[in-house]
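Engineer: Here the protein sequences line up with chains E and C, keeping their order.
Per my numbering, numbering of the first sequence is gapless, rising by one per residue and ending at 339.
Per my numbering, numbering of the second sequence is gapless, rising by one per residue and ending at 655.
Hints listed in this document are in silico derivations from the structure and should not be mistaken for laboratory results.
Do not rely on the hints blindly, as some may be mistaken.
Using 27 Å as the maximum straight-line C-alpha spacing, the simulated BS3-like pairs for lysine-lysine come out as follows [said to hold, decoys possible]:
#: 1; chain 1: E; residue 1: K218; chain 2: C; residue 2: K151
#: 2; chain 1: E; residue 1: K271; chain 2: C; residue 2: K317
#: 3; chain 1: C; residue 1: K159; chain 2: E; residue 2: K218
#: 4; chain 1: E; residue 1: K271; chain 2: C; residue 2: K478
#: 5; chain 1: C; residue 1: K478; chain 2: C; residue 2: K510
#: 6; chain 1: E; residue 1: K271; chain 2: C; residue 2: K151
#: 7; chain 1: E; residue 1: K241; chain 2: C; residue 2: K34
#: 8; chain 1: E; residue 1: K218; chain 2: C; residue 2: K595
#: 9; chain 1: E; residue 1: K230; chain 2: E; residue 2: K218
#: 10; chain 1: C; residue 1: K302; chain 2: C; residue 2: K316
#: 11; chain 1: C; residue 1: K348; chain 2: C; residue 2: K335
#: 12; chain 1: C; residue 1: K604; chain 2: C; residue 2: K581
#: 13; chain 1: E; residue 1: K271; chain 2: E; residue 2: K241
#: 14; chain 1: E; residue 1: K230; chain 2: C; residue 2: K159
#: 15; chain 1: C; residue 1: K636; chain 2: E; residue 2: K271
#: 16; chain 1: C; residue 1: K348; chain 2: E; residue 2: K230
#: 17; chain 1: C; residue 1: K335; chain 2: C; residue 2: K317
#: 18; chain 1: C; residue 1: K632; chain 2: C; residue 2: K581
#: 19; chain 1: E; residue 1: K218; chain 2: C; residue 2: K165
#: 20; chain 1: E; residue 1: K150; chain 2: E; residue 2: K271
#: 21; chain 1: C; residue 1: K34; chain 2: E; residue 2: K230
#: 22; chain 1: E; residue 1: K204; chain 2: E; residue 2: K192
#: 23; chain 1: E; residue 1: K255; chain 2: C; residue 2: K348
#: 24; chain 1: C; residue 1: K581; chain 2: C; residue 2: K595
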Amino acid sequence: MNDMSGGNYVTSDGRQIGDTLMEMKNITLRFGGVVAIKDISFDIHEGEIRAIIGPNGAGKSSMLNVISGFYHPQEGEVWFRGSKRPAMKPYQVAEQGIARTFQNIALFNGMSVLDNVMTGRLTHMKTGLFAQSFWKGKAEREEVENREVVEKIIDFLEIQAIRKTPVGRLPYGLKKRVELARALAAEPKLLLLDEPMAGMNVEEKEDMSRFILDVNDEFGTTIALIEHDMGVVMDLSDRVVVMDYGRKIGDGTPDEVRNNQEVIDAYLGVSHD
Amino acid sequence: MTANQAQKGMHSIPALLARNVAEHGAQHAYREKEFGIWQSWTWAETADEIKALALGLMTLGVNEGDHIAIIGRNRPYMYWSMVAAQMCGAVPVPLYQDAVAEEIAYVLDHCGARFVIAQDQEQVDKVIDVQDQLTGMDHIIYLDPRGLRKYDHTMLTKYQDLQKNGLDARGQHEAELDARVARQTYDTTCVMLYTSGTTGRPKGVVLSNRNVIETSKNSSEFDQLRAGDEILAYLPMAWVGDFIFSIGQAYWTGFCVNCPESPDTMHSDLREIGPTYYFAPPRVFETQLTNVMIRMEDAGKFKQWLFHHFMAHAKKVGPDILDGNDVSFGDRLKYRLGELTVYGPLKNTLGFSRVRVGYTAGEAIGPEIFDFYRSLGINLKQLYGQTEACVFITQQPDGEVRSDTVGVASPGVELKIAESGEVYYRSPGVFMEYFKNAESTADTKDAEGWVATGDAGFIEEGSGHLRIIDRAKDVGKMADGALFAPKYVENKLKFFPNILEAVVFGDGKDRCAAFINIDLTAVGNWAERNNIAYASYQELAGHPQVLETIQSHVEEVNASVAQDPMLAGCQIHRFLVLHKQLDADDGELTRTLKVRRRIIEEKYADLIVALYDGSSTVSTETEVTYEDGRKGSIKATLELRDAAVQVPVKMAAE
Chain E
67 MNDMSGGNYV
77 TSDGRQIGDT
87 LMEMKNITLR
97 FGGVVAIKDI
107 SFDIHEGEIR
117 AIIGPNGAGK
127 SSMLNVISGF
137 YHPQEGEVWF
147 RGSKRPAMKP
157 YQVAEQGIAR
167 TFQNIALFNG
177 MSVLDNVMTG
187 RLTHMKTGLF
197 AQSFWKGKAE
207 REEVENREVV
217 EKIIDFLEIQ
227 AIRKTPVGRL
237 PYGLKKRVEL
247 ARALAAEPKL
257 LLLDEPMAGM
267 NVEEKEDMSR
277 FILDVNDEFG
287 TTIALIEHDM
297 GVVMDLSDRV
307 VVMDYGRKIG
317 DGTPDEVRNN
327 QEVIDAYLGV
337 SHD
Chain C
2 MTANQAQKGM
12 HSIPALLARN
22 VAEHGAQHAY
32 REKEFGIWQS
42 WTWAETADEI
52 KALALGLMTL
62 GVNEGDHIAI
72 IGRNRPYMYW
82 SMVAAQMCGA
92 VPVPLYQDAV
102 AEEIAYVLDH
112 CGARFVIAQD
122 QEQVDKVIDV
132 QDQLTGMDHI
142 IYLDPRGLRK
152 YDHTMLTKYQ
162 DLQKNGLDAR
172 GQHEAELDAR
182 VARQTYDTTC
192 VMLYTSGTTG
202 RPKGVVLSNR
212 NVIETSKNSS
222 EFDQLRAGDE
232 ILAYLPMAWV
242 GDFIFSIGQA
252 YWTGFCVNCP
262 ESPDTMHSDL
272 REIGPTYYFA
282 PPRVFETQLT
292 NVMIRMEDAG
302 KFKQWLFHHF
312 MAHAKKVGPD
322 ILDGNDVSFG
332 DRLKYRLGEL
342 TVYGPLKNTL
352 GFSRVRVGYT
362 AGEAIGPEIF
372 DFYRSLGINL
382 KQLYGQTEAC
392 VFITQQPDGE
402 VRSDTVGVAS
412 PGVELKIAES
422 GEVYYRSPGV
432 FMEYFKNAES
442 TADTKDAEGW
452 VATGDAGFIE
462 EGSGHLRIID
472 RAKDVGKMAD
482 GALFAPKYVE
492 NKLKFFPNIL
502 EAVVFGDGKD
512 RCAAFINIDL
522 TAVGNWAERN
532 NIAYASYQEL
542 AGHPQVLETI
552 QSHVEEVNAS
562 VAQDPMLAGC
572 QIHRFLVLHK
582 QLDADDGELT
592 RTLKVRRRII
602 EEKYADLIVA
612 LYDGSSTVST
622 ETEVTYEDGR
632 KGSIKATLEL
642 RDAAVQVPVK
652 MAAE
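When you get a sec, could you build the whole thing from the sequences and use the hints?
Structural biologist: Here is the structure:
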């Protein structure tokens, strides 16, 4: 049996999972009187695909927003790469190496796919507004270097044919892929995916699953994802956190979670007589 | 003449490669768009790449006469794999990249391939899936490492690693490799290509160096192809045409082969490269024309007027100008103006600005479509060919181009028409044999080297051009003894943009009936324009207004067929619009998208019965194969429609 509790382990398909990358310690998040997240702790290891699941309103998206630094929990600590993270602005979190996609696609509709993906390189651009306006010397070199990274991602996600297409004209499934491309362009240590398969048909889901696995395999990117499609979650992830009404009710491998009575009750409902 | 001396001893593709390095070493041999930029390789660089790979194959223990299967899309690396295999004295066997695992298993087993060079994970997976059905499989080489990191590598090697291994072991294998190249003669096998086969299992067509090189030489001279020409390689590598254009002619003349970034970017890549020599099956030209027309409908009033006005003029004088016939000064001037405002920009959009020689073949092309491209000043011609002939049997010389013939015998080709009407040919390109199938070889090729094409046709008096009527075995008799030529009618149907595919039945019956596939692009656009919502192909295909439109097309075809007293019996009395598109994955079409009649007849037997028993609707369930090989089924209730038929002209006159 793999050692799931603390340190490194090897997955069933032979991937070596590394040390703890991020640790959430006793997180509680309140909006006024509403408790969205209640005393939740879990960790994410380097190289892992970690899923957060739960019924509607369980607090999954709030959790992801805590990880991405958009919400600041009233209680608890977020540890990232061995140190406690102070309350930060989202852009500071991005600079730390965390990138995300959104449940309701948040792309620049009027811009081409290429330009959208290039915005993901923003944290890697060092030259100022002035230098970039004239586009000489360092600014030019920098853009060429960043374009190369972006082109590799475009090739990787097989979106060459829409490189110059304005995002607004793309179908939903492709927009999702462009969002993934933009997040990848930041070369993140940790990639957060908020319902990457929502609203997709079976074929699109298969494609997206393959891309997520390939990203994890090829770039060694750690991935935390929220997803409703249980089949997808169970196939993709190494470990799963299950939430219900803001509490953590399960945590473990897909098999462990599947057989957890509390999880079954939360999903299928339980009679209270 | 030194050039002629240099051509001597050019008895293999590797020998031609060495000559090209000597003569055009610094010119571009290959280009491929990758990471948004056209990457290129000169002939000298190409030779180094190929040699490194050949040395790598030697380290794996490739023997002379081994078969090496190559599966992938058109990329320079895949073309190099074929030449590297030839260097080692092995026989390259390119396969269709979209073939499902079972098809691949049959071919790999039949040729006993010891090695497979696969493009990516998808292809590697297919080979691994069927590996335990194969006995001779030794090693798989892959190009794109993505997703393959975790695979067991005892039988897997990355392409670049193999090249490196080869270079490391250079001292050990180089002498043997050179000796193997030197041993090759005109009779050595150059390549083995599996025919898609409209009936039965695919057959391995063995082509010798003589077949390929002589044919490439003759056909290149026919159209004055030369170093400096550009082609876009986008058709399946397993198809004989791609082998002759992208390897045979390219190595003979030293022109540059350009590979698109991905199958989806083909049109924009075509536009960027602007090839001078271009081949496409009629379907591609049809799709492009449909797209142009759809986009014109969205254009402003003035632009529409400009387009239609000048296109009408082009239709009148364009082909004559192209053929060098007399055209009045005023018309020429107006054509010039049209070139400036319409034809030039349109050709640029289509990627045809620089096309000097364009060919289409494989199916009949609609006269309107053919004339459209020719009137723009694109030198589009037709040829008639087969895998067994290394493509070229007949082709149209410049200035003798028509939509209803396939041209005169290609240089070096002799033609004869048998009593049955079947076309026979003999040429230096005639294949050696079907691999491990002496019986079929003897059926197809006689002792004197004449090959039966399987097509019925005749040579037109006066012009000497060949005209093809239909597949010889598809031509049948109706119950009343009248001639039944399904292809003739199907082609007329397919000339309508709304109809993608048609299958006509009637052999041995008293009336003809048809299955029809609508063209989703054209009909979908029409639906959008008329605010008709639809969720799927099936729904659109069953829409009453769509059926109405198709019925009017069928009736128009009937009127046209009735003009020909010999074929008037082939008018379509009843038809239905199929609930799914005919697909190669379901075995209904060949990989080159030709209809497989027998299979369709078996699969849709219930629908054919319904067409003849007078019922007005029919419910059916059809098995479909998804791209990943899984199977599912779709259910549908189809409406059968009667179409009006015309009384044949001759009888009406009586």
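Engineer: Confirm or reject each hint.
Structural biologist: Each hint tested on the structure:
Pair hint K218 (chain E) plus K151 (chain C) holds up; C-alpha atoms about 21 Å apart against a cutoff of 27 Å. For the hint linking K271 (chain E) to K317 (chain C), the alpha-carbon distance of about 52 Å lies beyond 27 Å, and the restraint is violated. For the hint linking K159 (chain C) to K218 (chain E), the alpha-carbon distance of about 19 Å falls within 27 Å, and the restraint holds. Pair hint K271 (chain E) plus K478 (chain C) does not hold up; C-alpha atoms about 51 Å apart against a cutoff of 27 Å.
For the hint pairing K478 (chain C) with K510 (chain C), the CA-to-CA distance comes to about 8 Å; that is within 27 Å, so the pair holds. Restraint check for K271 (chain E) and K151 (chain C): satisfied, since their Cα atoms lie roughly 22 Å apart, inside the 27 Å limit. Restraint check: the Cα-Cα separation between K241 (chain E) and K34 (chain C) comes to about 24 Å, which is no more than 27 Å; the hinted pair holds. This hinted pair does not check out: K218 (chain E) and K595 (chain C) have alpha carbons roughly 37 Å apart, beyond 27 Å.
For the hint pairing K230 (chain E) with K218 (chain E), the CA-to-CA distance comes to about 15 Å; that is within 27 Å, so the pair holds. With a C-alpha separation of about 21 Å, the suggested pair K302 (chain C) and K316 (chain C) falls inside the 27 Å cut-off, and the hint holds. In summary, the hint linking K348 (chain C) to K335 (chain C) is supported, as the alpha carbons are separated by about 17 Å, within the 27 Å threshold. Straight-line distance between C-alpha atoms of K604 (chain C) and K581 (chain C) comes to about 13 Å, which keeps the hinted pair within the 27 Å bound.
A distance of roughly 13 Å separates the Cα atoms of K271 (chain E) and K241 (chain E); the hinted pair therefore holds under the 27 Å criterion. Annotation: proposed proximity of K230 (chain E) to K159 (chain C) is violated, straight-line Cα distance about 32 Å (limit 27 Å). Our distance criterion of 27 Å between C-alpha atoms is met by K636 (chain C) and K271 (chain E), whose separation comes to about 24 Å. Restraint check: the Cα-Cα separation between K348 (chain C) and K230 (chain E) comes to about 21 Å, which is no more than 27 Å; the hinted pair holds.
Between K335 (chain C) and K317 (chain C) the CA atoms are separated by roughly 11 Å; this keeps the pair inside 27 Å, and the hint holds. In summary, the hint linking K632 (chain C) to K581 (chain C) is supported, as the alpha carbons are separated by about 14 Å, within the 27 Å threshold. This hinted pair checks out: K218 (chain E) and K165 (chain C) have alpha carbons roughly 24 Å apart, not beyond 27 Å. The straight-line distance between the Cα atoms of K150 (chain E) and K271 (chain E) is roughly 36 Å, outside the 27 Å bound, and the hint therefore fails.
A hinted pair counts as satisfied when its Cα atoms are at most 27 Å apart, and K34 (chain C) with K230 (chain E) qualifies at roughly 15 Å. With a CA separation close to 9 Å, the supplied pair K204 (chain E) and K192 (chain E) stays within the 27 Å bound. Taken as a hint, the K255 (chain E) and K348 (chain C) pair is broken in the structure, with Cα atoms around 48 Å apart against an allowance of 27 Å. With a CA separation close to 16 Å, the supplied pair K581 (chain C) and K595 (chain C) stays within the 27 Å bound.
The structure shown violates the earlier hints numbered 2, 4, 8, 14, 20, 23.
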